[in-house]
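Q: Listed here are the chains, written in short residue letters.
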Amino acid sequence: DAGVTQSPTHLIKTRGQQVTLRCSPKSGHDTVSWYQQALGQGPQFIFQYYEEEERQRGNFPDRFSGHQFPNYSSELNVNALLLGDSALYLCASSFRDIPGGKLFFGSGTQLSVL
Amino acid sequence: QKEVEQDPGPLSVPEGAIVSLNCTYSNSAFQYFMWYRQYSRKGPELLMYTYSSGNKEDGRFTAQVDKSSKYISLFIRDSQPSDSATYLCAMSANSWGKLQFGAGTQVVVTP
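Those protein sequences? They're chains A and B, same order as listed.
With this note's numbering, letter number 70 in the first sequence gets 70, and the count goes up by one each step, no holes.
With this note's numbering, letter number 10 in the second sequence gets 10, and the count goes up by one each step, no holes.
Keep in mind that the hints were calculated from the coordinates and are not lab data.
It cannot be assumed that every hint is accurate.
[What the hints assert, rightly or not] A short, non-exhaustive set of chain B residues, derived as facing chain A with CB atoms under 10 Å:
1) Gln6
2) Leu11
3) Pro44
4) Gly59
5) Phe61
6) Phe75
[As the list claims (entries may be wrong)] Only pairs whose alpha carbons sit at most 27 Å apart, straight line, appear in this in silico BS3-like list of lysine-lysine:
7) B/Lys42 <-> A/Lys26
8) A/Lys102 <-> B/Lys56
9) B/Lys42 <-> B/Lys56
Every residue, glycine too, gets a C-beta built ideally from N, C-alpha and C.
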């Protein structure tokens, strides 16, 4: 049973560029959440997608946007990259009916902005 | 003040010792409490999950939640070098929403 898969694993971009990160949820899961983890910090919630709609959003600017596809996979897009966007971006999936919405995380995409 | 406070460590213990980790929080709406383990360059892995107050035990791991004090703990018995990792506490106000994480505590278990 494949877990949560993310691509690419590493990415280097320059300031002002745009980036798209991809996530395939664990088999049977229908909800995808994205988190940003800066070095030495805990993950920070970006947003959550359920039934192809953004259901909840954290305190991130509109430069961060996302999408969920009918097969439940998801993309995270970041426009006009800043140096401060350098972080590990984590995708997590869950199934809506599991109490507590237990999250399963992928290994993340390490984004470096130069 | 952060919603969730966690000592970053590092916490160094000898093999076989008990590891004690804790977090405090300020939001009384939190109902779901979790502990994740994160190895270097990997995503967090769910270790323990607790709803509301009380204790939960799973093998060498025990999680405690005291909502009246807004304080949660994780104990690891008979620690092993393979337990060396960063431990993150996380909590949520509802069953499906965002998790609020602590900054993580780095644990080093020395042989």
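Q: All hints are to be evaluated individually against the structure, with a verdict given for each.
A: Now the hints, each set against the structure:
A distance limit of 10 Å between C-beta atoms decides the matter here; for glutamine 6 of chain B the minimum to chain A is near 7 Å, and the interface restraint holds. Residue-level restraint check for leucine 11 of chain B is violated (minimum Cβ-Cβ distance to chain A is 15 Å; threshold 10 Å). A hinted interface residue such as proline 44 of chain B counts as satisfied when its beta carbon comes closer than 10 Å to some beta carbon of chain A; here the least separation is about 5 Å, so the hint holds. Interface hint status for glycine 59 of chain B: violated, as the beta-carbon distance to the closest one in chain A is roughly 18 Å, over 10 Å.
With its C-beta approaching chain A no nearer than about 15 Å, phenylalanine 61 of chain B sits outside the 10 Å limit, and its interface hint is violated. Hint on phenylalanine 75 of chain B is violated. Least Cβ distance to chain A is approximately 20 Å, over the 10 Å limit. A hinted pair counts as satisfied when its Cα atoms are at most 27 Å apart, and lysine 42 of chain B with lysine 26 of chain A qualifies at roughly 16 Å. For the hint linking lysine 102 of chain A to lysine 56 of chain B, the alpha-carbon distance of about 16 Å falls within 27 Å, and the restraint holds.
As the CA atoms of lysine 42 of chain B and lysine 56 of chain B are separated by approximately 26 Å, the hinted pair is consistent with the 27 Å bound.
Hints 2, 4, 5 and 6, counting from the list given before, are not met by this structure.
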